[in-house]
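**Q** Construct the entire structure; sequences and hints are all you get.
6 protein chains.
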Amino acid sequence: MKYINELHENENIKEIYLVRQRTSAVTKNGKSYDNVNLQDKTGNIDAKIWDPNSAGIDEFEALDYVEITGMVKEFNSALQISITRARKVKEGEYDPADYLPVSRFDRDTMFSELLSYIDDIKNPYLKKLCEAFFMDDPDFADRFKKSSAAKSVHHGFIGGLLEHTLSVTRLCEYYTKAYPDLKKDLLISVAILHDIGKVRELSEFPMNDYTDDGQLLGHIVMGSEMIYEKIKGIDGFPERLASEVRHCILAHHGEYEFGSPKKPALMEAMALNFADNTDAKMETFAEQLKASTSSGWLGFNRLLDSNIRKTGEV
Amino acid sequence: MKYINELHENENIKEIYLVRQRTSAVTKNGKSYDNVNLQDKTGNIDAKIWDPNSAGIDEFEALDYVEITGMVKEFNSALQISITRARKVKEGEYDPADYLPVSRFDRDTMFSELLSYIDDIKNPYLKKLCEAFFMDDPDFADRFKKSSAAKSVHHGFIGGLLEHTLSVTRLCEYYTKAYPDLKKDLLISVAILHDIGKVRELSEFPMNDYTDDGQLLGHIVMGSEMIYEKIKGIDGFPERLASEVRHCILAHHGEYEFGSPKKPALMEAMALNFADNTDAKMETFAEQLKASTSSGWLGFNRLLDSNIRKTGEV
Amino acid sequence: MKYINELHENENIKEIYLVRQRTSAVTKNGKSYDNVNLQDKTGNIDAKIWDPNSAGIDEFEALDYVEITGMVKEFNSALQISITRARKVKEGEYDPADYLPVSRFDRDTMFSELLSYIDDIKNPYLKKLCEAFFMDDPDFADRFKKSSAAKSVHHGFIGGLLEHTLSVTRLCEYYTKAYPDLKKDLLISVAILHDIGKVRELSEFPMNDYTDDGQLLGHIVMGSEMIYEKIKGIDGFPERLASEVRHCILAHHGEYEFGSPKKPALMEAMALNFADNTDAKMETFAEQLKASTSSGWLGFNRLLDSNIRKTGEV
Amino acid sequence: MKYINELHENENIKEIYLVRQRTSAVTKNGKSYDNVNLQDKTGNIDAKIWDPNSAGIDEFEALDYVEITGMVKEFNSALQISITRARKVKEGEYDPADYLPVSRFDRDTMFSELLSYIDDIKNPYLKKLCEAFFMDDPDFADRFKKSSAAKSVHHGFIGGLLEHTLSVTRLCEYYTKAYPDLKKDLLISVAILHDIGKVRELSEFPMNDYTDDGQLLGHIVMGSEMIYEKIKGIDGFPERLASEVRHCILAHHGEYEFGSPKKPALMEAMALNFADNTDAKMETFAEQLKASTSSGWLGFNRLLDSNIRKTGEV
Amino acid sequence: MKYINELHENENIKEIYLVRQRTSAVTKNGKSYDNVNLQDKTGNIDAKIWDPNSAGIDEFEALDYVEITGMVKEFNSALQISITRARKVKEGEYDPADYLPVSRFDRDTMFSELLSYIDDIKNPYLKKLCEAFFMDDPDFADRFKKSSAAKSVHHGFIGGLLEHTLSVTRLCEYYTKAYPDLKKDLLISVAILHDIGKVRELSEFPMNDYTDDGQLLGHIVMGSEMIYEKIKGIDGFPERLASEVRHCILAHHGEYEFGSPKKPALMEAMALNFADNTDAKMETFAEQLKASTSSGWLGFNRLLDSNIRKTGEV
Amino acid sequence: MKYINELHENENIKEIYLVRQRTSAVTKNGKSYDNVNLQDKTGNIDAKIWDPNSAGIDEFEALDYVEITGMVKEFNSALQISITRARKVKEGEYDPADYLPVSRFDRDTMFSELLSYIDDIKNPYLKKLCEAFFMDDPDFADRFKKSSAAKSVHHGFIGGLLEHTLSVTRLCEYYTKAYPDLKKDLLISVAILHDIGKVRELSEFPMNDYTDDGQLLGHIVMGSEMIYEKIKGIDGFPERLASEVRHCILAHHGEYEFGSPKKPALMEAMALNFADNTDAKMETFAEQLKASTSSGWLGFNRLLDSNIRKTGEV
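Line order of the protein sequences matches chains A, B, C, D, E and F. For the first sequence, my numbering gives the first residue as 1, with consecutive numbering after it. For the second sequence, my numbering gives the first residue as 1, with consecutive numbering after it. For the third sequence, my numbering gives the first residue as 1, with consecutive numbering after it. For the fourth sequence, my numbering gives the first residue as 1, with consecutive numbering after it. For the fifth sequence, my numbering gives the first residue as 1, with consecutive numbering after it. For the sixth sequence, my numbering gives the first residue as 1, with consecutive numbering after it.
Each hint should be verified, as a subset may be incorrect.
With a cut-off of at most 30 Å between alpha-carbon atoms, the simulated BS3-like pairs for lysine-lysine come out as follows [said to hold, decoys possible]:
1. Lys2/F x Lys31/C
2. Lys122/F x Lys263/F
3. Lys31/D x Lys232/C
4. Lys31/A x Lys232/C
5. Lys73/A x Lys263/F
To be clear, the hints were calculated from the coordinates, so they are not data collected in a lab.
**A** Laid out in structure tokens, this is it:
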């Protein structure tokens, strides 16, 4: 298969891509044509169907897999495919993993590990709270397993939210051993729950873009709200504990300027902030190293706020 | 009546004050005594009962009005009353307005005006949402009318929250005339609702101090949550509108560093931020001018972030 | 009429535009040609006359209205007109409103309202000061009515300065009712005068660009200076009042980083800062909404420092 | 002579001090007494005359030199003199230099040097501008020679403004040799004029405190205004040059947050900012070193924003 | 034993304390006396010997343990001991642990664990570098084991540097498992070495205060220098590796404003910064919780930049 | 000679340029070609040799001077030379000054002046320290004379480091006269030494780019290290003085955010920071003025953080 990031100007292609978008338009001369956006796991590209009613153009729409015949051109210094034929293909003709970025770890295995952390929680209220999401709410669990942890930046792939959540939870467990003043059940619970608002902040793949609620409300507040709703359904959940859980969620970005309406006031809130920040930055760094083929300096990285460099062999 | 801010060292007094707190303690020599904190509308003062079991000391507790006989002393460079007699007084012997700071406007009149704003809302969902708090929830309404808008700073008196909310609402109504692109129903509704979380952020008078939830969660997030709960009880409330209302609440402090998890993205959210900020600062300035007897410079004010000065007569 | 923002590559045109600039140049081969810049209310475009001495090219200069015949080309990824004929047209052949952006309100009506505010000032010195500009100095008044309030950003059109000044004055009048500690005469006067330095900061239309003095000195200091000069011509103007007026002008941007050499120390200075800031931001937001055809998110706005979005219908 | 900073509790004194302030007051018991503030070059101290009408108390007022007999007491953890006798003394009984801080350099010599810099200016307009202040305006010149450059911080003594101005001018002359792109006449002129607004920003000694205009308008804007007034009296002063001079004055603090409404745009403005800043900081450091008797670390200095330390002998 | 933080005014004492400082002075009346500073693990206190030559006053000096007889007084609102007898005591009369704060972990056990990390390093150069300090330089090792990690703040006790270093090393080891792109040998080495400059930045106990070099150069640069010196003694140490090691040391504070002259450019440098920061903040939080007896809010903590609170029982 | 910044698209050239880089590559069709980068003092340009083995292509490599025959084309909106012939030329056929930017002052004269400053140092240790670099270490001296002071920004030419160092030293000498509290020998020494780390931070011309050590460690720390090494070779160099010298080097950028790990604590450190900053900014401004042909505004300059403008004739 020829990936989108390998296409060149003036190349004739016949490849299967995933359709992100298809809309109709009219040229100045009154002729109809279609704007199409195609995707695989390496990126996406615009395309045009200048003859939408010709015989070779199947009916298809967003999220269909379609075999595209056409030529790659340059327009406004970007590549674009001029489509001459488009055949909607059947399952089995393609491998979905070629079209959507996906975690390198098995999602079911990761999910099982997350459930085992829930299983170990002793405090009955915290345990019920976690179960309410991950065991008793299959829609949520399904959505959680498919979500990314970000639009781009880091963990921006299917299963990314699960992978990041698990990594943060493991690090928090390590903290509870190193700093025994931490309340383990509370910290593990908020680690598991800290980013659940992201299932509402980002739309599902292949879009994986900010939703309106994501921009208007944000995953921090939505996550706290989702938790508050579940807590109300749990008989006898202690009020103080409910406030502490939500505080940890609200404060997990650590600083006002990163969108937390409260700064960490509890030791567990501070620990969660460190775990979240450490995992986000280490994964970002690792993804940058993997993405780059050059040795030595990789240039300035905005998220890490530093020029970064590959370490030599040790 | 001799107010607390008029007391001097070595003065004998016999005055009625409101009790904020009374706790028992033991001296190093094993003798019991009581720590008392007394309040009137000008401030509060610590007091000691060295002989708690003597005949002249009535049974009394926090929030009682008590006639105090004793002497004012200095201890650790603060004044303190040494209580020799304490008589619990009856309603009618004192004027509550002498003991708790209170808005200079009539609270019922202000509340009626607020209700008339609600009455004018055309959008049925927004109207129902406001009514759900101010008309259908008498506990909330009662609490709202008694709350201050702040611990100190500005509007720090009974009825202060109502006074501030009304002032912001009026200013927002003015905006809707000056800037017709604003959606009036939305802006008036969020003006009325913007600080309702403060009834949970601050404890009731005479304490009027931050609650645990106030510090852990804050009135911005709690207010948004309270609104979300009421919205769920309103059939057919449009989802987009629900998000816009909550966005305005979340963004009403305007900047991350002032505790808003989102910056204003809607014109109404920006207008609400201006109205809230204008009223808070103008009232702060006016309270400072009233509190000061000197003419000319009043010194640096932290909230206004400037040296401030009384304007001369014009 | 075909507006400049509608032109396309390789299009032949014959349209009347306003000339912003015309200069002569010589190619490397020693041939003379002319650089021309053309404008209408939608923008401006560069043009070339390769044959400046040919019969079809009239004599014309900056600020003339000229009918251009030629072809639109692309050069360095911007459009450019190659002019073959240029005919200077007469008044009546075109509508000036097509060429310069102009307030949607009638300038004479707005000016009358401003004068009526001056008429209401009771303090004789402040009244004389305002009259000295708006009634006794017709050159100033004329210039003021034609100025914009900004190069771009907000109120960037003919009459914009008048419209913004009036809007700020009205809002200040509202403040004097809501916050009776404000000295009305002082606040209304400084509202009227706050931006008069802009007639020197920005050059006249169609240029409407920063002058050298605008960049070297700025409208804040120049405005204060202009006021000081007029004050010296008013017998008995109280010194303290003169300082308070100028302080309000100097402090009206509210923060050092926005170019105010002093922070607001007087309640009227703070009120003026709020009124100016509120009107600037609300108008900016409204202009953005009008300029955009898309619904929903409009992207990040640098001046408002936020992603902004159209509110849905309420 | 016993200086004010050497006084101790319970000490009987008979010393001549300069009177800064004398006001009458009444005790709670209705008895009159006088509040007095006394000064010498080491500081100032409050004093009380409990028997203002007794025989030993001369008539005297602010700025008189008075021989004080009395006892030093402690009140509210500050020292205070209880005055029993007060004799107004004659010139000759005291040395003024003991009472007011004064430059260690001869003021007439410094002033002559400043005049010689003016004498060297070639540009006739700039020369006339400087002469207009320092030669043709004897009131200004007299006030300038007596002023300090600051309330405290650095050069906070009589002649301090002259000393600082001369030091900045010399450094600017050095710059014109090192960086020949600098226009010498312009830079020397603005160096001489840069702080003239301070004669209005600070009141005369012995007060040497911010004036109302100093706080409302500041020396930067007032200095620019004073220059503009003189420029208008000079026939044919080029407009562009007038703007450049005022720009240098307005920008000489270099940053908005230090009260400059414009950042340096001209090479001379930048040079002036460096000269002013260098001299202010070097003099501050030197004054700190002189004031401290300890060797080694002197602690954190707010103006220098650093812990500072005496360098060892080299 | 009565600890220093338990002393009260007007109390007669007879207790053994550690002497931090003893200096001689002369009163105004020419009488000699001694200034003494005494310490135990709860704090320190000033004391005076008004009769230094009296029989009951033994010869003693800084770092001696002395039995003090005297009375506690208040002077300038601080407590002070007036010493009447001072007897130098012998080892065995006191428990050193009462006088100097010390790690709650066994220092030899911690040091062994640190050595075992060194033992596991595979890269021969990095191993030799660590050994050069911790195995081949007994003076360094001895000093390292006794040092604190800070003057106060966190780990401010004997063995604190060792405890912090070990904790950071363990956390880094965890990171190498969670983020396999990290070069383990490099990260473990720089974790072990990251704060060695502190043995020069802080003086030995009981002083434990910043040295001159600590203030002039800082532990970050001194640590890098110490490493560079040892590297030069190791044959064939690869240059690139030497630069990477020193970069990690220089960048381990993560931000310029925390004294790092470089921001982390290598993944190991970033990991080290996270480990150091996490351990410092978690330990600070834990120490605050231990120091406070109240439940609930502990007030604002400058280092953690937040109001902090004890979590309730979970 | 036709300079690189004068080349145009579609131009045939035959010019001598300096080769910065030559590397071999293979097209998709398997054909070999060479990537070349050519430089003169006005800039550099990419070039291709599509027929590397053709007769007209001499053997040549980086740092050779080569006569290029070919055509200028545009590729990806940048110019590029397609080389048809390449003849390696001999010394004498070209003038090196056309190919590398160089100080306008004679380097030997400047170096002599620097040595005369060293000669005047009285303190034997400081003198020996400076001599150790500039007299006893010819490799260093040679490298120093050829280095630039920066990659671009200011003094970015051969001899730039020497020119800047001399200028800073002269300014520091001026300071020692104006501020006699400064220790002259110390200040002159650290002025001479302050930027020596730059010989390791930047690679030699024609590259003049950041080295790996430059990015990982920086010239501030490397300079301090280089000094420390030399100090260890000087018998009896006082420890305190050694720390003061290094402190001045470490603090010479004045602020943490500019890469100084310490803020200036000594008067000499502060003076050095002022001298370095003044010279860097004045030279930057002067270079900008020289580079621009337009009069008036030159636009925003990032380093000077201001819009800058040519001053008119005075």
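**Q** Taking the hints in turn, state whether each one holds.
**A** These are the hints, each one checked on the structure:
1. For the proposed pair Lys2/F and Lys31/C, the alpha carbon gap of about 22 Å is at most 30 Å, so the pair holds.
2. Of the supplied pair hints, the one linking Lys122/F and Lys263/F holds, its CA atoms being roughly 27 Å apart against a limit of 30 Å.
3. At most 30 Å may separate the alpha-carbon atoms for a hinted pair to count; Lys31/D and Lys232/C exceed this at roughly 48 Å.
4. This hinted pair does not check out: Lys31/A and Lys232/C have alpha carbons roughly 71 Å apart, beyond 30 Å.
5. Taking the CA atoms of Lys73/A and Lys263/F, the gap is near 57 Å; set against the 30 Å cutoff, the hint is violated.
Hint violations for this structure: numbers 3, 4 and 5, all remaining hints satisfied.
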